[in-house]
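Student: Protein chains in written order, with my numbering: chain H, 343 to 726; chain C, 2 to 290.
By construction, these hints were calculated from the structure, which means they are not laboratory data.
These numbers come from a predicted model, not from an experiment.
Quick reminder that beta carbons are idealized off the backbone N, C-alpha and C, glycines included.
One thing to keep in mind: the hints can contain errors.
To be verified - Taking CB as the label site, the calculated pair distances span: (1) H:Gly479 with C:Lys288: 24 to 30 Å; (2) C:Arg54 with H:Pro588: 55 to 61 Å; (3) C:Thr161 with H:Ala591: 25 to 31 Å; (4) C:Pro163 with H:Arg597: 42 to 48 Å; (5) H:Arg672 with C:Gln148: 56 to 62 Å; (6) C:Gln277 with H:Cys599: 38 to 44 Å; (7) H:Lys647 with C:Lys289: 25 to 31 Å; (8) C:Lys239 with H:Cys599: 50 to 56 Å; (9) C:Asp236 with H:His385: 54 to 60 Å; (10) C:Leu29 with H:Ala591: 53 to 59 Å; (11) H:Arg590 with C:Gly146: 22 to 28 Å; (12) H:Pro588 with C:Lys227: 35 to 41 Å; (13) H:Asn532 with C:Lys288: 28 to 34 Å; (14) H:Ser531 with C:Lys289: 21 to 27 Å.
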Amino acid sequence: MSSDRNGKLILTTGNYASAEGAIAVGCRYFGGYPITPSSEIAHYMSRRLPQVGGTFIQMEDELASIVSVVGASYAGVKAMTATSGPGLSLMAETVGLGFMLEAPMVIITVMRGGPSTGQPTKASQSDVMQTRYLSHGDYEMIVLAPSTVQECYDFSIYGFNLAEKYRTPVIIATDGIVGQMMEPVRYHSNFEIINRKPPQVSPDEYQPFQVLDEDLIPGMATAGSEYNFYVTGLTHDDTGSPDMTPERAVKLITRLCDKIRRARTEIHEYVPWEEQHLDDAEVVILSYGINSRGVPEAVERAREKGHKVGLIRLRTLWPFPEELMEKLGRLGVKKIIVNEMNYGQIIREVERFRHLGFKVTGSLVPTTIPFSPRFIYEELLKEV
Amino acid sequence: MTTIDEIPAPKSTDEIPEDHPLHERLNLHRFIFCPGCLIGSAITSITSCFVERGLTSKDYAVVSGIGCTGRSSGCFNSPAFHTTHGRAIPFATGLKLANPKLEVVVLSGDGDLFAIGGNHFIHACRRNIEITVLCINNNVYGMTGGQCAPTTQIGDLTTTTPYGNIEPPFNLVSLAAASGASYVARWPGYDTLRLRNSILKAFDNPGFSFIEVLAPCFTQYGRKNKLGDAVQMLDWIKNQVRIIPNCPPHEAEFDFKKGRIVCGEFVDAPREGFSQKIQQLRDMAQKKK
Chain H
343 MSSDRNGKLI
353 LTTGNYASAE
363 GAIAVGCRYF
373 GGYPITPSSE
383 IAHYMSRRLP
393 QVGGTFIQME
403 DELASIVSVV
413 GASYAGVKAM
423 TATSGPGLSL
433 MAETVGLGFM
443 LEAPMVIITV
453 MRGGPSTGQP
463 TKASQSDVMQ
473 TRYLSHGDYE
483 MIVLAPSTVQ
493 ECYDFSIYGF
503 NLAEKYRTPV
513 IIATDGIVGQ
523 MMEPVRYHSN
533 FEIINRKPPQ
543 VSPDEYQPFQ
553 VLDEDLIPGM
563 ATAGSEYNFY
573 VTGLTHDDTG
583 SPDMTPERAV
593 KLITRLCDKI
603 RRARTEIHEY
613 VPWEEQHLDD
623 AEVVILSYGI
633 NSRGVPEAVE
643 RAREKGHKVG
653 LIRLRTLWPF
663 PEELMEKLGR
673 LGVKKIIVNE
683 MNYGQIIREV
693 ERFRHLGFKV
703 TGSLVPTTIP
713 FSPRFIYEEL
723 LKEV
Chain C
2 MTTIDEIPAP
12 KSTDEIPEDH
22 PLHERLNLHR
32 FIFCPGCLIG
42 SAITSITSCF
52 VERGLTSKDY
62 AVVSGIGCTG
72 RSSGCFNSPA
82 FHTTHGRAIP
92 FATGLKLANP
102 KLEVVVLSGD
112 GDLFAIGGNH
122 FIHACRRNIE
132 ITVLCINNNV
142 YGMTGGQCAP
152 TTQIGDLTTT
162 TPYGNIEPPF
172 NLVSLAAASG
182 ASYVARWPGY
192 DTLRLRNSIL
202 KAFDNPGFSF
212 IEVLAPCFTQ
222 YGRKNKLGDA
232 VQMLDWIKNQ
242 VRIIPNCPPH
252 EAEFDFKKGR
262 IVCGEFVDAP
272 REGFSQKIQQ
282 LRDMAQKKK
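The shape of chain H in the complex, shown without the other chains (with noise of 0.2 Å):
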């Protein structure tokens, strides 16, 4: 386990490859709580943050753990932690906590069935909409959704630099078989990366909240440096100070929200879906993560067998690209059959864009094996 096997090709599985490439974007602190199937990340940590500098602490629970993650933030650390879903819904609230304190972090649940305690060591999709409306009030979020070994080293990349970028959290999920199946993944060096922005102005004139750019996105300030700051989870002022008037909460909550719709369009074009056969295709396979593996095979067979059929596989599900589906209804799709291991999420998603001229069906189980190429040909033939 080092990260000095740069640019060769190696063999290793999700979970691993998510840990080193959060290591090399630079992550130096992990605060995280055993679960499976996520559990690796932490072993992979625990060994290899101490070799580059970096702190790992397994806290006493994912509410501790997360909520470490933000004050690690706010010393001017990249940090992270690792879940699945019964974890994630404990960490809830402080999803919500950096949202509104606009803190860089990444999570990474590795989905696995639920509700409730459900199938640990199993493969699912289930916790789509749970990675998008994870805490209360008013809110947006960045989720990327690898589907192979070299994703899930790239994803945490470009999930660090998502966070820093826009100051929010950002969740990355992968699932129980992308998380722990063993595929050649090359640990490149070759990204960019992106730190936060920092204090625009001298201390005695720092707010922390002040916006002073058309992105909206307030300069960062960290304890430890020179500057004082006051953040709350309360709806505040530029100051930091609590206002509980209701045209501060819509000033508060607009811009919060606005900074990342605004940037939908970038984001997708930074983490982009993947399309084949779009110029001529009548019907649509849309698919992401693990379940989207089967779907090039199945769609060749059916091409082959003269069928007008194309596939989506999305990359990053929130914010939702509404820029696809635009796409897709401009280049006259007739139907999109969304591929989901749930029991319809995405779907939803997409049925909200039936306006465009496509129908909308899915193959919706909510099962805990990804579908077969033959399955996935003989519900195609069933719409096309």
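We have chain H already, so just place chain C on it with the hints.
Tutor: Same frame as chain H, now just chain C:
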């Protein structure tokens, strides 16, 4: 072991500027507390210790949870964090581990630290992480309307125990000591000299320090239990306080019915803190690499 009373009093008043002596360190427009509440005394005691040690705001951070005392972090002119309910200690843990040079102080209430945050408290004690936790104990949930807390005494009236509380309270000193805290003290909030000296000792302790501060809530506890106004309640507390040097933590009695609250230092056993251990671990891992 230096006893509290051997530590000299603060510098003479000659050096105090014309306005509030801690003017530059405080943000008093965020001061929202009831007149007569001792949260203010705790805030100024902590701040005067920062001054005493020559610490400026780049050297320290204050973290609080939710509740009356939760709002206290806003009064510090320093990096200050008003976190979620019960989570001040794990937030402070992340902050301290990510920047071990910081003097990190957690200031929160009994409900926040010992009900919803109880698990975090015992584990922070166990780890002996180098933070100082001050609990403003008013034996009740003040901010939310005077509900029963894990420190409310048996028989006492609150808005959720209209027939009298039937749950035994935690003894915070015993709990901290049993959980592994390396410095544990309890003081009445009005005894700002001993409180200040105790905080200085906590800063010197290389591990986890816990100081319980008695700060009776006349607005909620006093009103429900007919204990009078702020001054009458201070007298009521004062008559019960017994300062006993070197008292073992299991004898740190806190009983309104008996009229006996033992104050003093109960644990003063400095030992290596958690972030030092993590540094040793890094050194070991880097040698093995």
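Student: Which numbered conditions among the earlier hints are violated in the structure presented, ordered from lowest to highest?
Tutor: 1, 2, 7, 10
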